[in-house]
Amino acid sequence: MKRMFKFLPILFILTAFLSFNSMAQSKKQANQDTESWKYEIEAIKTGTQGSYLIKVWSYSKSPQVAIEQAKKNAVHGIIFQGFVGRQGVSGQKPLTNNSNLEFEKADYFRGFFSDNGGKYMKFVSMTTDGSVAAEDRLKIDKKTYKIGVLVSVNVSALRKELEDAGIINKLGAGF
Amino acid sequence: MIKCALVLSMMFVSINVMFGQAKRPTVMVVPSDNWCTINGFMTEWDNQGTKVKIPDYKRAIQENSDLKLVTAKIGELMADRGFVLKVLESTLKSLQSESAEDAILTSKSGAEVTESPIDKLKKTAKSDIIIQIGWTINQTGPKRSITFIMEGLDCYTDKQVAGASGTGPSSFAAELPVLLEEAVLSKLDNFNTQLQNHFEDILANGREISLRIKTFSNSASDLETEYNGEELGAIIEKWLSQNTVQGKFNTTDATAAMMFFEQVRIPLFDANSRALDSRGWAKDLQKMLKDKYTLTSKLMTKGLGQASIVIGDK
Chain A
1 MKRMFKFLPI
11 LFILTAFLSF
21 NSMAQSKKQA
31 NQDTESWKYE
41 IEAIKTGTQG
51 SYLIKVWSYS
61 KSPQVAIEQA
71 KKNAVHGIIF
81 QGFVGRQGVS
91 GQKPLTNNSN
101 LEFEKADYFR
111 GFFSDNGGKY
121 MKFVSMTTDG
131 SVAAEDRLKI
141 DKKTYKIGVL
151 VSVNVSALRK
161 ELEDAGIINK
171 LGAGF
Chain B
176 MIKCALVLSM
186 MFVSINVMFG
196 QAKRPTVMVV
206 PSDNWCTING
216 FMTEWDNQGT
226 KVKIPDYKRA
236 IQENSDLKLV
246 TAKIGELMAD
256 RGFVLKVLES
266 TLKSLQSESA
276 EDAILTSKSG
286 AEVTESPIDK
296 LKKTAKSDII
306 IQIGWTINQT
316 GPKRSITFIM
326 EGLDCYTDKQ
336 VAGASGTGPS
346 SFAAELPVLL
356 EEAVLSKLDN
366 FNTQLQNHFE
376 DILANGREIS
386 LRIKTFSNSA
396 SDLETEYNGE
406 ELGAIIEKWL
416 SQNTVQGKFN
426 TTDATAAMMF
436 FEQVRIPLFD
446 ANSRALDSRG
456 WAKDLQKMLK
466 DKYTLTSKLM
476 TKGLGQASIV
486 IGDK
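These protein sequence lines map, in sequence, to chains A and B.
Anchor point for the first sequence: position 153 equals 153 in this note's numbering, and the numbering is continuous, going up by one each time.
To get this note's numbering, take the position in the second sequence, counting from 1, and add 175.
One chain only, chain A, in its complex shape:
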């Protein structure tokens, strides 16, 4: 028994390390998924001044990571992808029509979408404080969850940020 107690701290550290490592792995995978467009955006409401309310479906082994990644996916999607509408809600085109923008301005976007204080967080908020409705939490195979999170994106501020940074053109730029 005494011998077991001796190994307890080591076991504790090992468990903590493994769980941290698994979380970091999930986060890394989620970032890769964002870059390879592995998320879906559903229009909820677009008729509010300066913001879009959307539901972002993200994939991850960890539901917590998927919920957090939804914010990044929302901003990523609005800049590069846009989303289709549904009855009564207009779809929106992406903020850029340059299909290579993410490669051309890779340095800027690396910092912008950084997990440590990336600026993207400034333009996004979760409307449900991270709680997910039961029908929005789907287990699609043994390891992966598909999580739908309602996110509000401040599009006018996001556009201004990208315009001021010279990433996208201002409307009527050059005149």
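Among the hints, erroneous ones may be present.
[Unchecked claim] Each computed DSS-like pair below joins lysine-lysine, with the alpha-carbon atoms no more than 25 angstroms apart: (1) B:Lys467 / B:Lys423; (2) B:Lys261 / A:Lys170; (3) A:Lys93 / B:Lys318; (4) B:Lys477 / B:Lys268; (5) B:Lys228 / A:Lys45; (6) B:Lys301 / B:Lys318; (7) B:Lys233 / B:Lys243; (8) A:Lys38 / A:Lys55; (9) B:Lys248 / A:Lys170; (10) A:Lys93 / A:Lys38; (11) B:Lys261 / A:Lys160; (12) A:Lys170 / B:Lys301; (13) B:Lys233 / A:Lys45.
[To be verified] Some chain A residues flagged as far from chain B (calculated, every beta-carbon gap over 12 angstroms): (14) Asn31; (15) Glu42; (16) Glu135; (17) Glu163.
Hints in this document: simulated from the structure, not taken from any laboratory.
C-beta: ideal position from N, C-alpha, C; glycine also.
With the hints as your guide, set chain B onto chain A.
This is chain B only, laid out in the frame that chain A set:
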């Protein structure tokens, strides 16, 4: 020395700001013809003996508060994007005073191109884009929804360069102004994306206008008259290819008495950084004909993007 440098730098900044502001494209919002017809804001205009119906914008603005709301909302959102909105009301007022001034002036002899009040409005406003808006209210039982249509027309060509339309969600409770505001908000971003594509095209390829060359019946020379072994028509085409952006224009029709050029891409600004319209640009052609070939001509314009030069008289 420091004072001199300061004065010079301030002058430079103010010139920069002045030209920077002058270059911003402007938009004007007007109700669509369809909306004006449905809401009874049409009036009759005598087009050289033929009665035609045209929208009565003045009455529409004065009598319909929903129109005012939509116009103000679009203006507010466009201002956010750095656009200047020409206020239709003010433009109409200045048009009215111009018309009064014109009426007391003695007109010169010779042919005139008839301009409709809408053409005159475009010329007075000198806006780059006219946004035509219209909406219908759909009623299903107690529920109401709005079908909203927004068209962006290039003032120089009258071509549609942007558009957005669709029906918003049905509502039991929402007031009409709320539904209208929601419709504008949800449509304007996509509309502006299309507008951006149009501006990028103008910047790359120049502004599009059309040019018509005619000859007076009493003119000594026509477009087939030769000067130094070259026909006048060919001389004009040569001038066009030298004075258009990347030599872009299309000769749609050419006879001895007339020539018609479409998709003529003119530079955005002249040598003095002033915005160029069809009149300013065609004046150079008129000058060239006068200086090199002693040909007198009359220059007439319609709106901002249609110029006509009639050779042989003034």
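Each hint tested on the structure:
no.	hint	result
1	B:Lys467 / B:Lys423	24 angstroms, holds
2	B:Lys261 / A:Lys170	19 angstroms, holds
3	A:Lys93 / B:Lys318	29 angstroms, violated
4	B:Lys477 / B:Lys268	20 angstroms, holds
5	B:Lys228 / A:Lys45	40 angstroms, violated
6	B:Lys301 / B:Lys318	41 angstroms, violated
7	B:Lys233 / B:Lys243	11 angstroms, holds
8	A:Lys38 / A:Lys55	14 angstroms, holds
9	B:Lys248 / A:Lys170	20 angstroms, holds
10	A:Lys93 / A:Lys38	18 angstroms, holds
11	B:Lys261 / A:Lys160	23 angstroms, holds
12	A:Lys170 / B:Lys301	22 angstroms, holds
13	B:Lys233 / A:Lys45	35 angstroms, violated
14	Asn31	27 angstroms, holds
15	Glu42	15 angstroms, holds
16	Glu135	21 angstroms, holds
17	Glu163	9 angstroms, violated
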